[in-house]
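Start from chain R and add chain H according to the hints.
Number of protein chains: 2
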Amino acid sequence: MIRMSSSFIRTLREDPSDAEVASHKLLVRAGYIRRSAAGVYTWLPLGLKVMRKVEEIVREEMDAAGGHEVLFSALQPRAPYEASGRWEDYGPLLFRLKDRRGEDYLLAPTHEEMFALAVKDLFSSYKDLPITLYQIQSKYRDEARPRAGLLRVREFVMKDAYSFDVSDEGLDASYAAQREAYQRIFGRLGLETVICQADAGAMGGSRSEEFLHPTPVGEDTFVVSDGGYAANVEAVTTTPPPALSPEQIAALPAAHVEDTPGASTIAALTDFSNEVFPGQGPVAESGEWTRYEMLKHLVYQLTLPDGTTEPLVIAIPGDREVDEKRLEAAVSPATFAAFGPEDFAKHPVLKKGFIGPEGLGLESPSRIRYLVDPRVVPGSRWVAGAGQEDRHVYDLVFGRDFTADGTIEAAEVRDGDPAPDGSGPLRRTRGMEMGHIFQLGRKYAEALDLKVLDENGKQATVTMGSYGIGVTRAVAALAETHHDDKGLVWPRAVAPMDVHVLATGKDAAIFAEAERIASELEARGITVLYDDRPKVSPGVKFKDSELLGIPTSVVIGRGLAEGTVEVRDRASGEVDLVSPQDVLARVEAAVRGA
Amino acid sequence: MIRMSSSFIRTLREDPSDAEVASHKLLVRAGYIRRSAAGVYTWLPLGLKVMRKVEEIVREEMDAAGGHEVLFSALQPRAPYEASGRWEDYGPLLFRLKDRRGEDYLLAPTHEEMFALAVKDLFSSYKDLPITLYQIQSKYRDEARPRAGLLRVREFVMKDAYSFDVSDEGLDASYAAQREAYQRIFGRLGLETVICQADAGAMGGSRSEEFLHPTPVGEDTFVVSDGGYAANVEAVTTTPPPALSPEQIAALPAAHVEDTPGASTIAALTDFSNEVFPGQGPVAESGEWTRYEMLKHLVYQLTLPDGTTEPLVIAIPGDREVDEKRLEAAVSPATFAAFGPEDFAKHPVLKKGFIGPEGLGLESPSRIRYLVDPRVVPGSRWVAGAGQEDRHVYDLVFGRDFTADGTIEAAEVRDGDPAPDGSGPLRRTRGMEMGHIFQLGRKYAEALDLKVLDENGKQATVTMGSYGIGVTRAVAALAETHHDDKGLVWPRAVAPMDVHVLATGKDAAIFAEAERIASELEARGITVLYDDRPKVSPGVKFKDSELLGIPTSVVIGRGLAEGTVEVRDRASGEVDLVSPQDVLARVEAAVRGA
Chain R
1 MIRMSSSFIR TLREDPSDAE VASHKLLVRA GYIRRSAAGV YTWLPLGLKV MRKVEEIVRE
61 EMDAAGGHEV LFSALQPRAP YEASGRWEDY GPLLFRLKDR RGEDYLLAPT HEEMFALAVK
121 DLFSSYKDLP ITLYQIQSKY RDEARPRAGL LRVREFVMKD AYSFDVSDEG LDASYAAQRE
181 AYQRIFGRLG LETVICQADA GAMGGSRSEE FLHPTPVGED TFVVSDGGYA ANVEAVTTTP
241 PPALSPEQIA ALPAAHVEDT PGASTIAALT DFSNEVFPGQ GPVAESGEWT RYEMLKHLVY
301 QLTLPDGTTE PLVIAIPGDR EVDEKRLEAA VSPATFAAFG PEDFAKHPVL KKGFIGPEGL
361 GLESPSRIRY LVDPRVVPGS RWVAGAGQED RHVYDLVFGR DFTADGTIEA AEVRDGDPAP
421 DGSGPLRRTR GMEMGHIFQL GRKYAEALDL KVLDENGKQA TVTMGSYGIG VTRAVAALAE
481 THHDDKGLVW PRAVAPMDVH VLATGKDAAI FAEAERIASE LEARGITVLY DDRPKVSPGV
541 KFKDSELLGI PTSVVIGRGL AEGTVEVRDR ASGEVDLVSP QDVLARVEAA VRGA
Chain H
1 MIRMSSSFIR TLREDPSDAE VASHKLLVRA GYIRRSAAGV YTWLPLGLKV MRKVEEIVRE
61 EMDAAGGHEV LFSALQPRAP YEASGRWEDY GPLLFRLKDR RGEDYLLAPT HEEMFALAVK
121 DLFSSYKDLP ITLYQIQSKY RDEARPRAGL LRVREFVMKD AYSFDVSDEG LDASYAAQRE
181 AYQRIFGRLG LETVICQADA GAMGGSRSEE FLHPTPVGED TFVVSDGGYA ANVEAVTTTP
241 PPALSPEQIA ALPAAHVEDT PGASTIAALT DFSNEVFPGQ GPVAESGEWT RYEMLKHLVY
301 QLTLPDGTTE PLVIAIPGDR EVDEKRLEAA VSPATFAAFG PEDFAKHPVL KKGFIGPEGL
361 GLESPSRIRY LVDPRVVPGS RWVAGAGQED RHVYDLVFGR DFTADGTIEA AEVRDGDPAP
421 DGSGPLRRTR GMEMGHIFQL GRKYAEALDL KVLDENGKQA TVTMGSYGIG VTRAVAALAE
481 THHDDKGLVW PRAVAPMDVH VLATGKDAAI FAEAERIASE LEARGITVLY DDRPKVSPGV
541 KFKDSELLGI PTSVVIGRGL AEGTVEVRDR ASGEVDLVSP QDVLARVEAA VRGA
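Chains R and H, in that order, give the protein sequences. FYI, the numbering for the first sequence is 1 to 594, going by our numbering. FYI, the numbering for the second sequence is 1 to 594, going by our numbering.
Calculated from the structure, these hints are not laboratory results. Each hint should be verified, as a subset may be incorrect.
No copy is singled out in the list; a pair is fine if it fits within one copy or between any two copies.
Straight-line C-alpha distance at most 20 Å; calculated DMTMM-like pairs for lysine to aspartate or glutamate [stated by the list, open to error]:
#1 K53 / D63
#2 K25 / D121
#3 K458 / D121
#4 K535 / D454
#5 K541 / D128
#6 K49 / E60
#7 K535 / D128
#8 K120 / D15
#9 K127 / D532
#10 K98 / E88
#11 K351 / D259
#12 K541 / E103
#13 K49 / D415
#14 K53 / E69
#15 K535 / E455
#16 K458 / D128
#17 K98 / D415
#18 K543 / D569
#19 K120 / E14
#20 K120 / E446
Just chain R, same shape as in the assembly:
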């Protein structure tokens, strides 16, 4: 039993000044968490209890799925992360430090390398596999802009699991087992999640899915179709229009350069074209020109993982913007930045405002990498810069008049775009990443030389999966989803305590009866928060109780004289008057039966 009179529970009347989202405001105000540095939180008693409940649900389902729990230090040496490339690739996200001998260490963001080495250390045969190992532990990432309470932090508790298999089919099975465990975990937590195809990003590997909890405060944008498709925008692939055959291409009009004075923007070029070449555009019947076919060329400065830089030109239909998150994912592990005036000065082939395909490409003398949107298919006709001030090329046909070094998924995804699997138009929505599962494949095992003897006695490289759930983030998501204007409303599975007993009034008999009820509930194995504060008004106690959000409360107050106590349900607000004799059974039914 926690007695509020001698507890470390303190509620606050005011929202923290830096709080933007409900979970941040409420968890701080209700005394569940407390900030200790930017993106670093302290777990106060009730918060810790919620976190442990989430942790225990995750642990039970990991064990049920055949996982073996271990525990690694957050502090790890540089060498394994150097071997995998992550020491570099993680850039400033990684907390790095030196020990007293000057050796490099890091605070692990995840532990792929260490788990691979542990398996390498202890296992040697295909007979030892498959195995799935996991840990629940504090992780560190030096986020550029920690914000929103527990939603974007620099220290967080995570469950990370890793599977090890000899065959691709084995990896599929291990992945499926974790995927099902995740569905059970989020089901038990009462957190709606959508499984989205995801971009594997810096983790490498092939298949990857995110468990996104749909919420307007989510940082991730994802798309869904009515036919059941769901994906992170970074993972959406564009459905290109049909390409033309060489015969069809041959029948198209020849490209021609035109003077386009002042038309250095897509809008200006579209207007100019409709004015000067009316009826010659591609829109059926009207012959109108649209922004779509004004092929937009954008230049970026790429920084490769080894620190070298190079320009990148990408071309996308003129009616779309670049989605920087998609671009980021597409160029990863390289990073991109704006192409500055000095950079343009070094590359005269890039005539700002009038860039076109002419003179671009790794095979061209400029050796500038040139990538196009997937909609730029053979036979597609475009208007593009001619590489000279105030001139554009019309009827520029891809595959006949120009080519590229490849395609790039960098253009924004819009509501109404087709789902890649043909399941209908896409709809954009926002979500919070609750879990992420990856088929890493053999990337880490190769980097760290993790091999076992296969059935034929030959060395076979192991294939891995990695599977994460943000435990502390799940607490935030639960608070985000389960609250009202009065405070938190915990689902029973994760509530810090089962019942909140309140003694309201000054009468000693009230406190004696409340004490009896609280003790007898505890004796039945029900955890009790008991508001025994002697000089606090009923109003304050009710407000605190609503803020704290324990699912059931028992109020012992003035009604006691008439033989009743109140049993309140935090979620529905329902109040039942019951006799002190019946209250134990009534609460027990609520706690166990719900």
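For chain H alone, kept in the frame of chain R given last:
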């Protein structure tokens, strides 16, 4: 149930090459832990289970003692530790790092500052106190020489508790409650501990006791008396001989300087004195000279926390050596180093080999700090260097011929020295620090301005205690104490699993029966490690079982045909033959009854 055929348990036949102590060898060989960097270990499945059991015992007793559990990040900002002085004082023991903005952070060695700030944050009145908060969490210390497996590491799990009181009496009560909780914890763990008076060291504060587990592999030396006194050597205070009154001193012979050619060591000076002044020494009847009265003067270079250096001369009876740990504790937070030839050159008053009190002291022109052993009392007579080559002063009386800036506890403590409390002669022994409790007093509260309103409405500085138990170290101590030449022998309270079921042989009926027994034990709430490996010999299974050290094992093998299975007790080695029908009850009695 853990099935060994698909587990992450692997025993090793060889001791790790760097292992010196039994706990290190056995925990690695039995697959409980695995090294990931110098002083950084990974907890494998069975090791983690033992650690969690220790953690849970600690948690239960902390809760029973009225503690409130919270959780702080290991990553903390510099400022609070700067305010307390620990950012500097901890020196190279502290892992320091910078974030992407260049701000200083540390990996906390303990959290006094953060707990004080949390209380300051939420509490404001004496009515909020007392409170005791605790956490169980990973701590970091950059030890110079990590060694002995889990005994001296750079990352470890610790329970650290902090008490907050308004009054000194309150602190005494909070301290007593923790002290009792510690006794219960070590009792439940089955770890013998001696409560030793300790030096508070860098933590500051007044009263401090260590819970030392007596063991020859312990790093701490402590002393005990038959009368019940126990103390860390750093904390032992010397019992001085009685001082003489001014009248008695006046009756003593006058000091006289003598030529003592070549007598530059204590041994040489003693021999010289007995040869040249026979019968004039202090030994009753014989008049012999002993090494005791040849007052030994030693010079050290002190480095103060602010980085400045100064010489320190200490004088101790010539029959004792300096104990560097006692000296270290005595000068803390300053540190000491040898006084080199260049240092001597700078201070001509320090005539090497013939240093005496002449010309020393903060009040003297040399301003050299001069401290003496507590046995140097008024009226005590000494022989000391005269500050000149080959000359010594005889009948030098403290309080008449020389004084000092104070006393220092730096001389070694020897077997037979009197206990400070008069409880008899001391005996030196070795131990391992399992817990440490401190009355910090107001040091941290003052540094961090932690005040509450007292009963009179005035600001009162809070007084604190801090209380630590090394959870991972307790696992090592348990392994150190509970093993034999075949392997680990876990006490039941911390055993990773309740029972080890072994199927030995090839007969399918044996495996079927073992499976049934293992499942039925699990159904009764008994945790089972099941050795179901199909092609492993009985000999290997027995060896592994002894190495793993689970208290009870059930062997289903050849005897099954005659209707018996074996129940083995790991500690006693006793083997009972029981029928498969009786085995469940037999094991349950062992698990629950022991």
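Consistency of the hints with the structure:
{"no.": "1", "hint": "K53 / D63", "in the structure": "both (15 Å within a copy, 18 Å between copies)"}
{"no.": "2", "hint": "K25 / D121", "in the structure": "between (46 Å within a copy, 16 Å between copies)"}
{"no.": "3", "hint": "K458 / D121", "in the structure": "within (18 Å within a copy, 62 Å between copies)"}
{"no.": "4", "hint": "K535 / D454", "in the structure": "between (72 Å within a copy, 18 Å between copies)"}
{"no.": "5", "hint": "K541 / D128", "in the structure": "between (58 Å within a copy, 17 Å between copies)"}
{"no.": "6", "hint": "K49 / E60", "in the structure": "both (16 Å within a copy, 14 Å between copies)"}
{"no.": "7", "hint": "K535 / D128", "in the structure": "between (64 Å within a copy, 13 Å between copies)"}
{"no.": "8", "hint": "K120 / D15", "in the structure": "between (50 Å within a copy, 18 Å between copies)"}
{"no.": "9", "hint": "K127 / D532", "in the structure": "between (60 Å within a copy, 14 Å between copies)"}
{"no.": "10", "hint": "K98 / E88", "in the structure": "both (16 Å within a copy, 17 Å between copies)"}
{"no.": "11", "hint": "K351 / D259", "in the structure": "within (15 Å within a copy, 99 Å between copies)"}
{"no.": "12", "hint": "K541 / E103", "in the structure": "neither (54 Å within a copy, 41 Å between copies)"}
{"no.": "13", "hint": "K49 / D415", "in the structure": "neither (41 Å within a copy, 51 Å between copies)"}
{"no.": "14", "hint": "K53 / E69", "in the structure": "both (17 Å within a copy, 14 Å between copies)"}
{"no.": "15", "hint": "K535 / E455", "in the structure": "between (74 Å within a copy, 16 Å between copies)"}
{"no.": "16", "hint": "K458 / D128", "in the structure": "within (15 Å within a copy, 68 Å between copies)"}
{"no.": "17", "hint": "K98 / D415", "in the structure": "neither (49 Å within a copy, 43 Å between copies)"}
{"no.": "18", "hint": "K543 / D569", "in the structure": "within (14 Å within a copy, 57 Å between copies)"}
{"no.": "19", "hint": "K120 / E14", "in the structure": "between (53 Å within a copy, 17 Å between copies)"}
{"no.": "20", "hint": "K120 / E446", "in the structure": "within (11 Å within a copy, 52 Å between copies)"}
The structure fails hints 12, 13, 17 (numbered hints given earlier, in ascending order).
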